[in-house]
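A.B. asks: Residues per chain are reported as follows:
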Amino acid sequence: MTKAISVVGLHKSFGRTHALDGLDLTVETGEVHGFLGPNGAGKSTTIRVLLGLLRADSGAAQLLGRDPWKDAVELHRRIAYVPGDVTLWRNLSGGEVIDLYGRLRGGGGLDRARRAELIERFELDPTKKGRTYSKGNRQKVALVAAFASDVDLLVLDEPTSGLDPLMEEVFQDCVEEARRQGRTVLLSSHILSEVEALCDRVSIVRKGRTVESGSLAELRHLTRTSVTAELAGPPNGLAHLPGVHGLDVRGGRVTFQVDTDRLDAALRSLTATGVRSLTSTPPTLEELFLRHYTEEAAR
Amino acid sequence: MTGTGVLTRLALRRDRLTLPVWALVTGGMVASGAGSLEGLYGTAAERAEAAATMTANSSMRALYGPVFGDSLGGLVAWRFGTFGAVLAAVASLIVVVRHTREEEETGRQEMLSAGAVGRRAPLTAALLTALALNTAIALLITAGLAGQGTAGALALGLAVAGTGMVFATTAALAAQVTESARLAKGLTAAVLGLAFALRAAGDAGGSSFLTWLSPIGWAEQVRAFAGERWWVLLLILAAVLAQTAAAYALTARRDVGASFLATRPGPAEGRLATAGALAWRLQRGTLLGWSLGFLLGGLAFGGMAEGAADLVGDNERAREIFERMGGQSALTDAFLATMVSLLGMLAALYAVGSVLRPYGEESSGRAEPLLAGALGRLRWAAGHLVIAFGGSALILVLAGIGLALSYGHDLGPILGAALVQLPAVWTLAGLAVLLWGAAPKAANAAWGMAGLCLALGWIGPALGLPGAVLDLSPFGHLPKLPGPDMTWTPVLALTALAAALTAAGLAGLRRRDVTG
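Chains as they are written, first to last, in the working numbering: chain A, 1 to 299; chain B, 1 to 516.
Please note that the accuracy of each hint is not assured.
Example chain B residues on the side facing chain A (calculated, C-beta under 10 Å, incomplete) [to be verified]:
no.: 1; residue: GLY147
no.: 2; residue: ARG253
no.: 3; residue: LEU278
no.: 4; residue: LEU370
no.: 5; residue: ASP513
For the record, the hints were derived by calculation from the structure and aren't laboratory data.
Glycine is no exception: its CB is placed at the ideal position from the N, C-alpha and C atoms.
All chains, full assembly: derive it from the sequences and hints.
C.D. replies: The following block contains the structure:
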């Protein structure tokens, strides 16, 4: 099966700014792929290259097996896009815009029942004019148009900015449904709980490059677990084990962090001394991302 | 009023380039008039002859107003006064709307108003910015023409700047009533057009009542360098104060971002299905406005042509000049040709605005989801360009119909005269397509090009510019119709040029990044 998105060594400069500096991205067909990174990392630029809005300076990009620049129009019949900041025409109603987006994709527009259902679920008033919608409601207009269309790939660029928690839940349900229907989703997001709940795999970009890519479990593996233990005696050789950081010993109580792939050795060292109690905390998502956002991750 | 100072500084800072350019272009153009007219009419006898000729010619009166004094200063006031006043008015209305309604529309005002900023501060800051601009224009004119007589120079400077302030306050009023900056500018521009038409009708037809209805007429009636009538400036001041008071009364009564025209709900389901339909939906209001304006303009100018011949009756010398210029039919034809040419240059402004509409869609981010749909860039652009090119033809046809109706002329020749403007209009539109498609950052330069053509056609000949410069404007190459001489070469050449520019622009659009 061809990959839904395959990007290798993408470069794009705006004047002196290197927005993309050899970015790689692979999204398998049918998966929900999280696309993460700090502000200005190049996520939106990548998405706009994939949509054929920007032309890459160099590198290879394929979308559903085709060229996003040359085959833009044909490809876009199979893609729905939600930008992070939806701007609407002041004097068109939300309902009109939803139908316009649907019809421009061809194939007779949107499924009416699905459209009505989504408007209901997102609690959107489609009769209001573009200028009167709040930020969250403008996002809903684009979300309804995207989820109501019968496409192979959903490209969502921070789609839930401005949505309330109830609507966030509706959004997550919609992505789940899309996954069950076999659609591929590229989800750029800063909301980590959303990423954790939805994504099969994630790619983390920083300064125009991919620094990490894999499933959340794999990424966790690369980070540190916090361990607190009450020991029968003084810890023996723990300080010299590779991968152990921040060791703090107070009497029989030790706390430390350990690289998750060295956890086994550290626990052996503890049990050799004798363990009375043990708590171990897996890295939180925040820790995981903060580490990738702030350091150059060693690959 | 709290925060007015900060907001004014912000406005001056944001417009640090455009304000000096507007002031220099407007003030400099008028102030440099003495030098250029001196070259053309060096002696008192030449000036007297010119004054008599121009007064006898109704198309000259319509464009520039009557000549009140045949001193060099008087001729400058006549030839450049109206133009300077219109330019100051355009600059002022853009500045005021930009710092009032546009700030609200984009949401920037919300951040500002959340600070320690009074309800009336944004309007005050905008008006102060306009006042600074117009003061600079007045100073430049006064200083530049002081050699011709200080009193006259000051009167002309104040008349031009005063007209600027009248339309600054009209714009302030429009910005309170409308909800979009585009509409506020359009309304004010329509008032400006009406003011110009009233003055032109009054001056050409010899009915000074119409002239006195127009703020541009007041500027002219200050009669700089011809026994200044200072009290007319009070009329201007009164208009400025009245409109300012009305704008303040409205601004205090409304919500930030809101207008007095309530928003009605729209349909829950839409029928728009194509890029063309969307373009039509977005542009139809503007086209309707221009269509009405051109029809009315045609009707008004046609009515003036009728009176053009009557006016020369009493004056022996004028009659003599009149006969020399070709008699009644030639003079009427010349009048109609001048008016049609003016309408053509205005139609170019419509065409440029319409061509740049998709550029606005692009830079506001609204084009992005459309182009992320199954919509090619060319089809998207085509929807707008068909309206730009077809719309400019439509408004010229309407102007022709208006002229023919009220003048009672055969429709054929007048329609031909109107349509012969199209190749030049389309050339400027094509230039706009090229700029937008190939160099989107410079797209707004198309406005400058259209404005330059208007300036070359309006006051270019009076500046004594070399033919090569005047030939820069495509309008300079068109045959003068109605009249005996139709030449096809420039018409066909310009049409081909327009097509080539458009094609090159579209080729650029296909290749470049979407901006915004």
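A.B. asks: Now, for every hint given, state plainly whether the structure supports it.
C.D. replies: Now the hints, each set against the structure:
1. GLY147: violated, 48 Å
2. ARG253: Violated, because the Cβ-Cβ distance from ARG253/B to chain A comes to roughly 20 Å (cut-off 10 Å).
3. LEU278: Given a least distance of 6 Å, the restraint on LEU278/B holds.
4. LEU370: LEU370/B check passes; min Cβ-Cβ to chain A is 6 Å, inside 10 Å.
5. ASP513: With Cβ-Cβ at 4 Å, under 10 Å, it holds.
When the structure is compared with the earlier hints, violations turn up for hints 1 and 2 and for no others.
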